[in-house]
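Q: Here's the letter readout for the chains.
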Amino acid sequence: MTVLLAATAAALFAIGTYLILQRQLSRIIIGLGLITHGANLLLITSGRRGRAPLVGEADPSLMSDPLPQALALTAIVITFAVTTLLLALAYRSWLLTSDDDVEDDVGDRSVARGTGPDHELRDQMESMVAGEDEPVET
Amino acid sequence: MSWLVPVPVVLPLIGAALAVLVGRSRAAQRVISCVILTVTLVVSVVILVEVDSNGAMVAHSGGWPAPLGISLVADRLSAILLVLASTMLLAVLIYAIGEPGAERNHVGFQSAYLVLAAGVSASFLTGDLFNLFVAFEVMLTASYVLLTLGGRAEQIRSGMTYIVISLVASSLFITALALIYAATGTVNMAHIAERMADLPLGITSAFALLLIVVFGIKAALFPLFFWLPDSYPIAPSPITAVFAGLLTKVGIYAIIRTQTLFFPPESQHGTLLLVVAALTMAVGVLGAIAQDDVKRILSFHIVSQIGYMVMGLGLFTLAGITGAIFYIVHHIVVKTTLFLVGGLIEHAGGSSRLTRVGGMVRTAPALAVLFLIPALSLAGIPPFSGFLAKLALVDAGLGASEWAVVAVSLVVSLLTLFSMMKIWAGVFWNPVEDHSDDEYDAPPLPVGRLGGPPFMVLPTAALVVCSLAISVGAGPLYDLAERAASDLLHPAAYIDQVLRP
Numbered sequence: 002m003t004v005l006l007a008a009t010a011a012a013l014f015a016i017g018t019y020l021i022l023q024r025q026l027s028r029i030i031i032g033l034g035l036i037t038h039g040a041n042l043l044l045i046t047s048g049r050r051g052r053a054p055l056v057g058e059a060d061p062s063l064m065s066d067p068l069p070q071a072l073a074l075t076a077i078v079i080t081f082a083v084t085t086l087l088l089a090l091a092y093r094s095w096l097l098t099s100d101d102d103v104e105d106d107v108g109d110r111s112v113a114r115g116t117g118p119d120h121e122l123r124d125q126m127e128s129m130v131a132g133e134d135e136p137v138e139t
Numbered sequence: 050m051s052w053l054v055p056v057p058v059v060l061p062l063i064g065a066a067l068a069v070l071v072g073r074s075r076a077a078q079r080v081i082s083c084v085i086l087t088v089t090l091v092v093s094v095v096i097l098v099e100v101d102s103n104g105a106m107v108a109h110s111g112g113w114p115a116p117l118g119i120s121l122v123a124d125r126l127s128a129i130l131l132v133l134a135s136t137m138l139l140a141v142l143i144y145a146i147g148e149p150g151a152e153r154n155h156v157g158f159q160s161a162y163l164v165l166a167a168g169v170s171a172s173f174l175t176g177d178l179f180n181l182f183v184a185f186e187v188m189l190t191a192s193y194v195l196l197t198l199g200g201r202a203e204q205i206r207s208g209m210t211y212i213v214i215s216l217v218a219s220s221l222f223i224t225a226l227a228l229i230y231a232a233t234g235t236v237n238m239a240h241i242a243e244r245m246a247d248l249p250l251g252i253t254s255a256f257a258l259l260l261i262v263v264f265g266i267k268a269a270l271f272p273l274f275f276w277l278p279d280s281y282p283i284a285p286s287p288i289t290a291v292f293a294g295l296l297t298k299v300g301i302y303a304i305i306r307t308q309t310l311f312f313p314p315e316s317q318h319g320t321l322l323l324v325v326a327a328l329t330m331a332v333g334v335l336g337a338i339a340q341d342d343v344k345r346i347l348s349f350h351i352v353s354q355i356g357y358m359v360m361g362l363g364l365f366t367l368a369g370i371t372g373a374i375f376y377i378v379h380h381i382v383v384k385t386t387l388f389l390v391g392g393l394i395e396h397a398g399g400s401s402r403l404t405r406v407g408g409m410v411r412t413a414p415a416l417a418v419l420f421l422i423p424a425l426s427l428a429g430i431p432p433f434s435g436f437l438a439k440l441a442l443v444d445a446g447l448g449a450s451e452w453a454v455v456a457v458s459l460v461v462s463l464l465t466l467f468s469m470m471k472i473w474a475g476v477f478w479n480p481v482e483d484h485s486d487d488e489y490d491a492p493p494l495p496v497g498r499l500g501g502p503p504f505m506v507l508p509t510a511a512l513v514v515c516s517l518a519i520s521v522g523a524g525p526l527y528d529l530a531e532r533a534a535s536d537l538l539h540p541a542a543y544i545d546q547v548l549r550p
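Order-wise, the sequence lines are chains A and B. For the first sequence, our numbering assigns the number 2 to the initial residue and increments by one for each residue that follows. For the second sequence, our numbering assigns the number 50 to the initial residue and increments by one for each residue that follows.
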């Protein structure tokens with residue numbers, strides 16, 4: 002049983018990781034959901050299994066360990082809240098850009114293009130590039 | 050006195066609720082936040098004095114004794130960081146109140162800020178690994194809100210990256226927690242430390258690495274730092290300042306705490322940490338040199354500076370950890386100040402790009418002084434605090450015969466000086482180059498003699514004085530850091546205090 006749960010957690014992690022590496026926000030959010038499920042499942046698996054841990058229901062030695070369940074519940078609530086915030090941001094992003102892709106970083110692009118402060122260096126680069134072909138505008 | 054320990058966590062949370070209730074009046078919100086953070090600062094100082102003279106204070110929430118209930122523990126390291134965090138939070142709050150725009154337009158700012166304060170305090174004080182996860186989440190959720198407050202397109206873009214990375218790190222943290230609970234059957238940190246000693250070396254070693262990865266993402270260690278320089282510069286300056294000063298340092302604190310408390314010396318990864326430290330320093334500073342925006346340069350420097358703290362820990366000697374703690378103290382003050390000055394530059398020049406501003410040594414000479422002192426301190430020029438902190442680390446490195454990492458740290462200091470001089474030349478000395486293609490920058494605002502609104506300049510100046518005070522009072526401060534490091538290297542007392550009061 003533990004092996005089955007561990008394998009399920011592993012599968013959730015694998016699929017989640019694949020989805021997070023996509024460019025569409027909706028896939029990333031679904032991927033995050035899967036990864037957090039995998040983590041919560043692992044948390045549940047870390048305790049002893051058994052009967053419901055209610056006083057009088059069963060002999061204490063047969064009861065399951067209630068602590069990981071409480072921890073998983075807390076973790077689920079937290080990731081639920083953060084995922085909601087993320088969905089709100091994704092909606093905002095869709096309103097602003099009307100697409101679902103994660104944008105490139107503006108600063109990174111300007112550094113990559115060489116439009117930084119080092120004008121001499123930039124001019125040198127441009128004169129070098131101009132000899133061969135036009136710099137590509139991303 | 051142990052009833053004082055939960056106060057720095059509970060008080061800001063109460064303040065956050067009150068700030069929501071009086072949401073109609075911005076003035077009332079400000080009074081509440083300032084009063085709450087001032088009281089928190091006073092309580093933190095009392096805790097530090099008490100802990101330093103009488104040993105760690107432990108509070109058991111709900112009166113449940115240690116392995117059952119959640120314990121809050123204030124030892125010397127926690128108390129030092131708590132005092133620093135409260136000081137920074139208070140100074141930055143006053144700065145935010147003084148800055149037009151950042152705080153005034155949003156009813157939720159003060160509440161989110163106070164929740165952030167509660168989360169930071171809780172992370173430093175908690176003695177329970179799952180509670181540390183909760184404290185991280187409280188802090189991070191507040192930081193998501195603060196980072197994206199306003200909802201501009203670039204905030205959404207970088208905020209999204211930040212949230213996704215943080216959420217992945219949190220899931221890894223839950224995974225680590227699950228595995229540690231499965232192996233030890235407890236989440237109380239002192240109890241884990243006690244039981245970890247009975248586990249096979251391979252398992253403890255794996256846990257140590259897993260926790261380094263989890264907290265390494267939050268602390269922005271190489272190669273897990275890439276999210277930081279993208280997300281921090283986008284937030285309003287006071288927010289960036291408080292993130293830069295505190296959030297990554299909470300990650301470093303968690304690394305230091307878990308590595309020294311949980312793991313016996315044979316499963317500590319000193320060499321790995323030293324390699325990571327050297328790479329973090331080098332990559333961070335090289336990234337900074339490539340940038341042309343004050344805030345982005347400073348953000349890459351956060352990464353670079355994290356390397357120094359990890360270097361101190363990686364030595365696993367008394368001198369090394371003392372150096373790391375001293376470095377954290379210096380870094381929190383200086384980095385926060387630099388970001389506040391960055392905000393003032395942006396305010397006075399209309400932009401934080403080096404190409405768009407210039408000549409400020411004439412238009413705002415006060416800012417030049419406020420920038421130069423922390424900048425030289427960051428680079429490690431005597432007699433400023435950065436020199437003393439780096440001296441402590443280099444000395445510790447030489448003492449442990451780790452020549453390579455010492456050499457890297459010295460070269461990186463030089464490169465840090467280079468990029469600080471680049472900001473100095475670009476912002477203060479060079480004439481303004483072009484204002485023609487202002488895409489989204491605000492036009493420059495007229496500045497007074499101070500170089501900005503008084504409530505922005507005064508907290509910045511106060512923090513500059515703080516950093517000078519660190520170098521003046523370096524002797525007693527180093528002794529305090531040494532006592533804190535000694536506590537960390539001999540965790541038996543910590544464990545006894547929590548489990549057997």
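Derived by calculation from the structure, the hints in this document are not laboratory data. All values reported here derive from a predicted model rather than from experimental measurement. Just so it is clear, CB atoms sit at the ideal spot from N, CA and C, and this is done for glycine as well. Heads up, a few of these hints could be off.
[What the hints assert, rightly or not] Which chain B residues stay away from chain A? Per the calculated CB distances, all over 12 Å, these:
#1 Val80
#2 Arg201
#3 Ala202
#4 Arg206
#5 Gly208
#6 Thr210
#7 Leu221
#8 Ala227
#9 Ala232
#10 Ala257
#11 Trp452
#12 Glu531
[Unchecked claim] Here are the simulated distance ranges between beta carbons:
#13 A/Asp100 / B/Glu315: 44 to 54 Å
#14 A/Val78 / B/Asp545: 27 to 37 Å
#15 A/Ala53 / B/Val262: 31 to 41 Å
#16 A/Ile16 / B/Ser51: 21 to 31 Å
#17 B/Gly522 / A/Gln23: 34 to 44 Å
#18 A/Leu55 / B/Gly111: 30 to 40 Å
#19 B/Val460 / A/Leu22: 32 to 42 Å
#20 B/Pro431 / A/Leu22: 17 to 27 Å
#21 A/Gly51 / B/Ser51: 29 to 39 Å
#22 B/Ser102 / A/Gly51: 47 to 57 Å
Q: Compare the structure with each hint and give your call.
A: Going through the hints against the structure:
1. Val80: holds (29 Å)
2. Arg201: violated (8 Å)
3. Ala202: violated (5 Å)
4. Arg206: violated (5 Å)
5. Gly208: Violated: least Cβ distance 6 Å, not greater than 12 Å.
6. Thr210: violated (7 Å)
7. Leu221: Its Cβ does come within 12 Å of chain A, the nearest being 8 Å, so this is violated.
8. Ala227: violated (4 Å)
9. Ala232: violated (9 Å)
10. Ala257: holds (18 Å)
11. Trp452: Tryptophan 452 of chain B is indeed farther than 12 Å from all Cβ atoms of chain A, at 33 Å.
12. Glu531: holds (37 Å)
13. A/Asp100 / B/Glu315: 44 to 54 Å: Given a distance of about 53 Å, which is inside 44 to 54 Å, the answer is holds.
14. A/Val78 / B/Asp545: 27 to 37 Å: holds (34 Å)
15. A/Ala53 / B/Val262: 31 to 41 Å: holds (35 Å)
16. A/Ile16 / B/Ser51: 21 to 31 Å: violated (47 Å)
17. B/Gly522 / A/Gln23: 34 to 44 Å: About 52 Å separates the Cβ atoms of glycine 522 of chain B and glutamine 23 of chain A, which means 34 to 44 Å is violated.
18. A/Leu55 / B/Gly111: 30 to 40 Å: violated (21 Å)
19. B/Val460 / A/Leu22: 32 to 42 Å: At roughly 35 Å between Cβ atoms, leucine 22 of chain A and valine 460 of chain B fall inside 32 to 42 Å, so the hint holds.
20. B/Pro431 / A/Leu22: 17 to 27 Å: At roughly 47 Å between Cβ atoms, leucine 22 of chain A and proline 431 of chain B fall outside 17 to 27 Å, so the hint is violated.
21. A/Gly51 / B/Ser51: 29 to 39 Å: Between glycine 51 of chain A and serine 51 of chain B, where Cβ atoms are some 37 Å apart, the hint holds.
22. B/Ser102 / A/Gly51: 47 to 57 Å: Roughly 48 Å apart at Cβ, these two residues keep to the hinted range, so it holds.
Going through the hint list in order, the structure does not satisfy hints 2, 3, 4, 5, 6, 7, 8, 9, 16, 17, 18, 20.
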